[in-house]
Amino acid sequence: MQRIGVFVCWCGSNIAGTVDVKAVAEALKAEPGVVFSTDYQYMCSQAGQDMIKESVREHKLTGIVICSCSPRMHEATFRKTAAAAGLNPYMVEIANIREQCSWVHKEMPIGTEKAIILGKAAVAKVNLNTPLTPGESPVTKRALVIGGGIAGIQTALDIADAGFPVDIVEKKPTIGGKMAQLDKTFPTLDCAACILTPKMVDVAQHEKIRIFSYSEVSEVKGFVGNFDVTIKKHARYVKEDVCTGCGACVEKCPMKKVPNEFNLGMDNRPAIYIPFAQAVPKVATIDPNACNMLKNGKCGLCARVCTAGAIDYKQQDEYIQEKYGAIVVATGFNPISMDKFDEFAYNQSKDVITSLEFERLTNAAGPTAGKLLRPSDGKHPHTIVFVQCVGSRCDSCAQKGKEYCSKICCMYTAKHAMLTRDKYPDTEVYVFYIDVRTPGKSFDEFYRRAVEEYDVHYIKGMVGKVTPQGDKLKVQASDLLSNKQLHIDADLVVLAAAIEPDKSARPLATMLTASMDTNDFFTEAHPKLRPVESPTAGVFLSGTCQGPKDIPETVSQAGAAASKVIGLLAKDKLKGNPCVAHSNEQMCNGCSSCERVCPYGAITYEDKEFRMPDRTTAIRRVAAVNPAVCQGCGACTVACPSGAMDLRGFMNEQIMAEVDAICK
Amino acid sequence: MNVSYFPGCTLKNKARDLDRYARQCAQVLGITLEEVENWQCCGGVFTTAKDEVATKLSSVRLLQAAKAKEQPLVTVCSACHNVVKQTNHAMQIDGEFAAKVNRYMADDGEYDGSTQVYHYLELLRDVVGYDTLKDKVTNPLKGKKIAAYYGCLLLRPSSVMSMDDPENPTIMEDMIRALGATPVVYANRNECCGGYVSVESPALAKKNSLAVVEDAKAAGADMIITACPLCRYNLVKNGADIPVVYFTELLAEALGLKEDANE
Amino acid sequence: MQVKEFKPLIVAFCCNWCSYAGADLAGNNRLNYPAEVKIIRVPCSCRVNPMFILRAFQRGADGVILCGCHPGDCHYTSGNYYTRRRMAMLFSMLDFLGIERERTRVEWVSAAEGAKFSAVMTDFAATVKALGENKRLEDLRCKK
Amino acid sequence: MQKVSQQQLIDKAVSLLADGTVSCVLGWTKGEFDYDITPALFTDEASLRQGFVWNDFCGANFSKYLVAKTRKCEGKILVFLKPCDTYSFNQLLTEHRFDREKVYAVGIPCEGMADIDKVKAICGDGISSIDCNGEKMAVQTIYEDAPVQVDASSVLAERCINCKSKKHVAYDELMGDEGDVIDSARFDEVAKLEAMTPDERFTFWQNELSRCIRCNACRDACPACTCEVCVFNNPKSGVENKSPANSFEEKMFHIIRAFHVAGRCTDCGECSRVCPQNIPLHLLNRKFIKDMNECYGEYQAGAEVGSRAPLVNYTTDDLEPGEVFNGRDSDA
Amino acid sequence: MNKSYLQEDLLRMSGVNPRKCMQCGKCSATCPAYDEMEYHPHQFVSMVKNGDIEPLMKSQSLYRCLTCFACVERCPRSVEPAKLVEAVRLAVIRQQGANRMTANDIPALLDEDTPQQLLVSAFRKYTK
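Chains as they are written, first to last, in our numbering: chain X, 1 to 664; chain F, 1 to 263; chain Y, 1 to 144; chain L, 1 to 332; chain P, 1 to 128.
Among the hints, erroneous ones may be present.
Unchecked claim - Capping the alpha-carbon separation at 25 Å, the derived lysine-lysine pairs in DSS-like fashion look like this: (1) F:Lys217 - X:Lys474; (2) L:Lys236 - X:Lys664; (3) L:Lys167 - L:Lys76.
The hints are simulated quantities; they were obtained by calculation from the structure and are not laboratory data.
For reference, chain X alone in the conformation it holds in the complex (with noise of 0.2 Å):
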């Protein structure tokens, strides 16, 4: 039989307002184990605490029933007076009488009567509690990054330098991701490799840091801290650690005509190939759809020319496993397909291009050395328009582009305006914009300056319809606010793609148990106040996969998800929620429904050996909760046939003994 003491909190007025205070803890005392019952003005008070930890002494107290505010509010208050007093803290239990009696009911005798049933209701519940403790599980103390773009290497950078073993997989040839496509940087104007590519160099270089590139995350085990995975190493063809970089192959390889995906498709390049001049690591792949020696032998050019002897036509996929304490995705974007918005006819000309081939079509590295070209004809574009929104904002029912602002265009394209007026004062320069978003620090002074110091004609309004005819694009426009449709003969169209999560996260979001919204863009534990965590625990977010991100938002999301997975990997062990389901062997018939509805992948199954009630024994199968897995949601307490699956902190027993006292 428990010894339980009722503390009945006044709260000011708060409470004894509207509740007969004495009369709750004298009704109280007369429930079954209640051994002390009392009433104070301000329970959480230290005079108020102090008071409970003196009680718990003098009365030999084995539970608390504290009839107060909401356990929002200070259960973890109570929890810790407990375990000062020498108490089990899950020996406490709150009989919420403030927010859900005393503040919504006027009358006394209406408001005494209901807390003092929420009061015996508490006191049932306290009867049947046990200690419990918090399970604890080690740490292992490597991180592991997917995506080695912008984000992931900040992130990477970050944990590495503060000490951990990062690993990053990164799916492409080479790390650098988007932002190694990019021209330059907004709003200040550096140029995106002068800035990135000494931190690729940096990631290259770190000891702390391997690089998993043309490799991708193929299975997730285990749980925060202790996770299982499983990298796919796709073969090169090429031996990663005797390359020297050196691109004799790529020179002399005689597949030349193969698009190009650095430069989304406006060259070639051959069929071994480095993707660009400072990629990481810089070695060589072997498209094995292109390579002849690799579809039908016949060739073999690339490993008479290696020095190095790196060819290796007969490379493996390659299977790595390694131990991680904590995950983060840094899976990317893309721009969407403009296949389903061919009123703007870029699948019908060349000149209509996207916002990412422009900044290839102006980098210095790119299809055209820099010099901002058609790609129909090669010859300087006179005017252009740039196109605003096109995916972005659209509603759902359209059914062809996303609901979101894609955030980023608005600057790019101040910026890619701004460039191209710097550079070619003979063209002229339209943007169409439904509105123009500019929040951020300069930003708007930099879309100004736009329009103000380079005369780019910014104009309120769509395009409706482009028409290629002869070597021109007739754009077809609306000016809203001189209320006139335009037509302009264009040279160049450039359409602003919305931006969408890269299509390798929705998979990798079911192996990870990490939620996604309608968008998939991986959601946060919290929108606001856990921005960098997944609500699964251990996995943790990196830029654009979590929403729109620019460059500047991205690194500093990657380093507060790096801040956070040093926080955890600075932990030798993990302490659990010890309110987690378990399950009784005696009754558990191992049929599964519980592992279905569990959606942390916490539950187990193992055949045991056991005594059968005719004294022989059997090998049965029954269900295991991993408790540093488990979250302790319940869904599988019902699901169980048997109800040998129950819930610790909320069992079977108390929950009903709590509506036993209700309905008494």
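Given the coordinates of chain X, assemble chains F, Y, L and P onto it according to the supplied hints.
The following block gives chains F, Y, L and P in isolation, referenced to the frame of chain X:
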């Protein structure tokens, strides 16, 4: 395969070619067009107002007639097709509208939106198949550069018509290819010719029609095909200086039926 | 003779993350609802076993309401989706047995919806009150 | 008359025992009366030849027995499964309740089982023997000289009239065809109840369930009820109760039982078959099946091993609990 | 602002929700009859939303819309301006004596190639 066929008013009159060739070609392609008995005009245009019931009844009767024979309903004229398909769609999704309509359907039987509506082009693509069509061509139209003109009614609203990509359609281009000619793709092929506004503002119709013709010519076309009598009328009347013919005529020519038809 | 006013007994199961917090918010904003409503805190609506609901009716409850996070917002990602199916089936079965379907209800109340919580409880209490005492599922032994 | 004869089954069992494929045979044997058939375990030819029975009264679904028997038996068990039994067989495999390797399943065709109450309604009490081997069932009573000839189709059990499937969904070997799923009218009775007013329904069930004597036969025969410890036997479950104390207990027991097997019940009908009070318990299970089919798409428990039952599954746009009544009669 | 009866009627008839509009102007950008219209598709949407319907009813713009659905197709917000234009036009021609076209107008419109479809359509659009 037997299908219910709705020619519509214009095909019985000014656009006889569209109708005649459609029937002859269908026969060769193994499809029997059974003309719906006692059909009435489709209504010309689909009135988008939800409370407009009377003007849509003739289309519903048509659909019901096909349903009674358990056949899909085929149309050739773009305008008829648009009206019938939109009406059918309204019967499917707008319960209130369907209920109102069915109050007038006592004689014909209640209609539930279940008839499958095909445009003749869809029949060619989805039922006959362009590969089969290609095999049946006896007179490949080699060397002809043909611009398909879709206009507005055939493709839009795409959520209802769901025949092809509304901005980048291929159904007619693929047919042209199957007939051995070269399709010419041009941006204005899905822009409106001016339609019925030619009675209200001939200048507007002229401007729009010429924009289509000029675009097609600039893209190298030496002929335009269409599925809509009104499109053809507007394009020709407003000075098209390349031939504008119905797609069925082209089809007949490739299938070697045209001479017979002219007799 | 004055007939004593019938006061229904209502048990409300509220998930800790949304609805219980919503109830607290109703309190913070002093939004009244009938005192007949007594709240039991559960970690997630999916913790509520149909047995708890039957038990409440057995012990004399006149109405049982279950509140959780809005679908899609479950703290545990999917708990309330299971709740939705389980309760849909349970309620349909109770109805099949001839027990008034208005005595059971599921509502999604977020932590921000104090006003909704109060409105829902007020409405549910009125509905149950109008039905009168629960006679079809109660265990007479448990009645005072 | 069944398509496969008792002799054929015995020969099959004997040969499988002889060649060592199986070490024992789960089969039917005669009880007190000819129609009173009970399950039995045979381990040798002699006992098989003497005791093994197969006739129109062999309704018992053996799937459930495999849970306990496979744990005890060395070697494989031969089990004869009627089509409806195979669904339970699969469902238990889905729930990992026995080791498939330890079972040799022979599928046998079933022409439907007879309901002895219907026979008695025709022939009266005092049945001394029943011969099911002829075209008609020959029922000998102590009051008549000649046996009464009964048409087997006229005494078919309810669950066989509404048979949902003649398809064997699990077997190692088949005697006869694999069979097909058939369209049945099994939900008609549920629909009839649904069409009643709540008061009528309440009265109906009050009538039925008040006859419950809590003998637990339904639970004990149910192939879905294989819990190691049944909640009704577990003092900590809060619903433990040995006998019905009042009308509430009756309902509570049956609601909880129906809910526990919801999504797992294959609609084999054993509950109603074994109920000594003739309570139509299968209607509760069918109600759940009907609701789940209507709300979450067609689902047949046991149709395949490893399928995910509706109640341990969800979609993000499931209907709300309040919406299950939409479109039904608004009689409340 | 109080919703006028007329406004409500227009929204109900057309099924259009003008509040979904984000004023991007793509409807007007894509409209082939733009230059002939006094009020353009995006203005129809905003004016109906604001209850400023009288000017629309008096405007010739009603009879210039081709119902070609380009605005419907390309609207990123699924607003469907053409349906709103049609609703306003119907609100006008359903009034007594407000028919835009009569049978007497026909002979003047005819030439030897005029397809029936043209007359039927025009009648549908301009006449109750």
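Each hint, compared with the structure:
1. F:Lys217 - X:Lys474: Holds: Lys217 of chain F and Lys474 of chain X sit about 15 Å apart, inside 25 Å.
2. L:Lys236 - X:Lys664: 19 Å, holds
3. L:Lys167 - L:Lys76: Given that 25 Å is the threshold and the Cα spacing comes to 24 Å, the pair holds.
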